[in-house]
Amino acid sequence: MSLIEIKDVYYAYNEQNKAIDGVSFDIKQGDYVTIIGHNGSGKSTLAKLIAGLLPVKSGSITVGGLEVNEDNIAAIRTRLGIVFQNPDNQFIGSTVKDDIAFGLENRQIPSEQMEGIIREYSEKVGLSDYLEYEPQNLSGGQKQRVAIAGILAMKPDILIFDEATSMLDPKGKKEIKKLMYDLAAGDDITIISITHDIEEVLQSDDCVVLNKGKLFMHDKPEKVFADAEKLRKIDLDVPFVEQIREAFAKRKIKLKNDDLKGMVEQLCRYRSNH
Amino acid sequence: MNNLVFGKYIPIDSPMHRLDPRAKLIGLFLMIAAVFVPKSWWVFLVIAILLTIALASAKIGIRMIVQSFKPMLMMMLFLLIINSLTVKTGEPLFAIGTFTIYHDAIFNTLFVIVRLLLMISITTLLTATTNPLDLTLGIEWLLKPLEVIHFPSHEVAMMVSIALRFIPTIIEETIRIMNAQKSRGVDFENGKLSQKIAAILSLIVPLFSVAFERAYELADAMEARGYVPGAKRTRYHVLKFKFTDYLFIFICGLVLAFSIASRSFL
Numbered sequence: 001m002s003l004i005e006i007k008d009v010y011y012a013y014n015e016q017n018k019a020i021d022g023v024s025f026d027i028k029q030g031d032y033v034t035i036i037g038h039n040g041s042g043k044s045t046l047a048k049l050i051a052g053l054l055p056v057k058s059g060s061i062t063v064g065g066l067e068v069n070e071d072n073i074a075a076i077r078t079r080l081g082i083v084f085q086n087p088d089n090q091f092i093g094s095t096v097k098d099d100i101a102f103g104l105e106n107r108q109i110p111s112e113q114m115e116g117i118i119r120e121y122s123e124k125v126g127l128s129d130y131l132e133y134e135p136q137n138l139s140g141g142q143k144q145r146v147a148i149a150g151i152l153a154m155k156p157d158i159l160i161f162d163e164a165t166s167m168l169d170p171k172g173k174k175e176i177k178k179l180m181y182d183l184a185a186g187d188d189i190t191i192i193s194i195t196h197d198i199e200e201v202l203q204s205d206d207c208v209v210l211n212k213g214k215l216f217m218h219d220k221p222e223k224v225f226a227d228a229e230k231l232r233k234i235d236l237d238v239p240f241v242e243q244i245r246e247a248f249a250k251r252k253i254k255l256k257n258d259d260l261k262g263m264v265e266q267l268c269r270y271r272s273n274h
Numbered sequence: 001m002n003n004l005v006f007g008k009y010i011p012i013d014s015p016m017h018r019l020d021p022r023a024k025l026i027g028l029f030l031m032i033a034a035v036f037v038p039k040s041w042w043v044f045l046v047i048a049i050l051l052t053i054a055l056a057s058a059k060i061g062i063r064m065i066v067q068s069f070k071p072m073l074m075m076m077l078f079l080l081i082i083n084s085l086t087v088k089t090g091e092p093l094f095a096i097g098t099f100t101i102y103h104d105a106i107f108n109t110l111f112v113i114v115r116l117l118l119m120i121s122i123t124t125l126l127t128a129t130t131n132p133l134d135l136t137l138g139i140e141w142l143l144k145p146l147e148v149i150h151f152p153s154h155e156v157a158m159m160v161s162i163a164l165r166f167i168p169t170i171i172e173e174t175i176r177i178m179n180a181q182k183s184r185g186v187d188f189e190n191g192k193l194s195q196k197i198a199a200i201l202s203l204i205v206p207l208f209s210v211a212f213e214r215a216y217e218l219a220d221a222m223e224a225r226g227y228v229p230g231a232k233r234t235r236y237h238v239l240k241f242k243f244t245d246y247l248f249i250f251i252c253g254l255v256l257a258f259s260i261a262s263r264s265f266l
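Heads up: the protein sequence lines correspond to chains A and B, in order.
Per our numbering: the first sequence ends with 274, consecutive numbering throughout.
Per our numbering: the second sequence ends with 266, consecutive numbering throughout.
Calculated from the structure, these hints are not laboratory results.
Because the structure is a prediction, the values reported are computed rather than measured.
Any given hint could be a false lead.
[Claimed, not checked] With a straight-line Cα cutoff of 30 Å, these simulated BS3-like cross-link-like pairs (lysine-lysine) come out: (1) B:232 - B:144; (2) A:18 - A:220; (3) B:232 - A:124; (4) A:155 - B:232; (5) A:174 - A:57; (6) A:124 - A:177.
[Said to hold, decoys possible] Some residues of chain A that are not near chain B, with every Cβ distance over 10 Å (derived): (7) 120; (8) 139; (9) 199; (10) 273.
[What the hints assert, rightly or not] Listed next, with one range per pair, are the computed distances between beta-carbon atoms: (11) B:120 - A:128: 39 to 45 Å; (12) B:235 - A:241: 29 to 35 Å; (13) A:128 - B:193: 50 to 56 Å; (14) A:79 - B:207: 47 to 53 Å; (15) B:207 - A:134: 20 to 26 Å; (16) A:272 - B:184: 53 to 59 Å.
Yeah, the Cβ is synthetic: ideal placement off N, Cα and C, and Gly gets one too.
Please model the complete structure; the sequences and the hints are all you need to start from.
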């Protein structure tokens, strides 16, 4: 059985257009799944539906066998955490340690235990020297790391990143992506990441492409990007590696090894021959 | 906005800073009552001496106190002028032309002014030595008894602490929007009143729209992290009364008692 099962889900903010229009797919435990698509394709809506922040209009979402609804939401939230896009709008406490403590307070962790948990997770995200800092004295990347620490402290096994790196500078992006990859490397944590970052998609186990609220593609990232024509049809970018692969195909050059190393070799040979 | 002294927290360490916020709040109420009750200048002198000791121990300079009086100066001057014109009791003191100024006009007003100055100093002592978040916790604790009549003291405290948390963010945003509007030719400094109002509107409308958007996102983030309004939560900051806190409240209570008693012997 899959950890998260999305079955024929519909959602609409208003009468005219459906934000999510009959989407079905499964996510296995421990997988790192990226969701890509244009703005307004329904990516964030889907994340909010999974987290129970919006109710489905029809269809069903189950997380670990429990259907996401009013009755189960408290139980589901104990194992699910979301990191949102805007670093400022998810910083609830007035200092780093207060913000990490916020979720623990909701979870009714005794106050004597909080100090240790806060220390453990601030260290995990590399912010143990910043515990007393206020949000206005932190960079965007640091604020996102605080958000991640606050969520990890609640020990979820499903993490949703809703464009968590899109408002950050290159340095911040790199920091957060490294943290995500480290978390994904473990077996028990399932990651769902909504992103525009093709580099990140290539790191994931599975890629879901949404277009106008519909499931457009769902496959391994290499397979998704291999169908460059299909991606271009909905104006999505094709990774550089795939562009090279296409260029080879156009010149009718057969690749001996169809991986990155093979392509680099072939490319060098091609340069020296021409 | 940084030159606002009244209500500003000074993040240093001092005996006053280390007191429990609840003790300081109770002390504040007792002391303000003690300032209101007496009819004698001697009581003010006693309170002023004690206050000076407290301010010194909190490392609050005389300059900060004087600064905190500034916003009230105009009001005090106004009070003095009105009272001089209207109060006709007591000994006549001196005359300006044909107009006589009476003893009570001057001294009763001075009495009120000293009372006000003492109140401001006491409040400044509280806010300068208490981190806003701790202050919120203290207020929450004081409002707890009202939970009997279903007053949501915890939610109110949560709202206040979030509001405090977002003040710097909103100020930053205000500056950003002002710069954006300036670059589009909006003039915030010059022009007629109607033009200035239009300029301010171009600031306020986007500011509110962004603030609402923030509020929605923050609500989502809080909900996603398991916050349920009204639900039981544990607290990271646990306030604990120490011996010095009890001593502080006792001293403040003593001052109030002296002040009440003074009405019958001074």
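Holds or violated: are the alpha carbons of residue 18 of chain A and residue 220 of chain A at most 30 Å from each other?
-> Holds, at roughly 27 Å.
Take the C-beta atom of residue 235 of chain B and the C-beta atom of residue 241 of chain A, compute their distance, and say whether it sits inside 29 to 35 Å.
-> 52 Å, violated
Holds or violated: residue 174 of chain A with residue 57 of chain A, Cα cutoff 30 Å?
-> Distance of about 37 Å is beyond 30 Å: violated.
Lying within 53 to 59 Å: is that true of the beta-carbon distance residue 272 of chain A to residue 184 of chain B?
-> Between residue 272 of chain A and residue 184 of chain B, where Cβ atoms are some 55 Å apart, the hint holds.
Mind checking the hinted window 39 to 45 Å against the Cβ distance between residue 120 of chain B and residue 128 of chain A?
-> 41 Å, holds
Is the hinted range of 47 to 53 Å satisfied by the C-beta distance from residue 79 of chain A to residue 207 of chain B?
-> With Cβ atoms ~38 Å apart, the hint is violated.
Distal placement of residue 120 of chain A relative to chain B, Cβ over 10 Å | 15 Å, holds
Residue 273 of chain A remote from chain B - nearest C-beta pair above 10 Å | Consistent with the label, residue 273 of chain A stays out of reach of chain B, its closest Cβ about 54 Å off (over 10 Å).
Can we confirm that no CB of chain B comes within 10 Å of the CB of residue 199 of chain A?
-> The claim holds: residue 199 of chain A sits with its nearest Cβ about 26 Å from chain B, beyond 10 Å.
Could you see if the CB distance from residue 207 of chain B to residue 134 of chain A stays within 20 to 26 Å?
-> 21 Å, holds
Within a Cα-Cα threshold of 30 Å, do residue 232 of chain B and residue 144 of chain B meet the stated pairing?
-> With a Cα-Cα distance of about 14 Å, the restraint between residue 232 of chain B and residue 144 of chain B holds, given a limit of 30 Å.
For the pair supplied as a hint, residue 155 of chain A and residue 232 of chain B, confirm whether the alpha-carbon distance does not exceed 30 Å.
-> 20 Å, holds
Hint compliance for this structure: hints 5, 12 and 14 are not met, and every other hint is.
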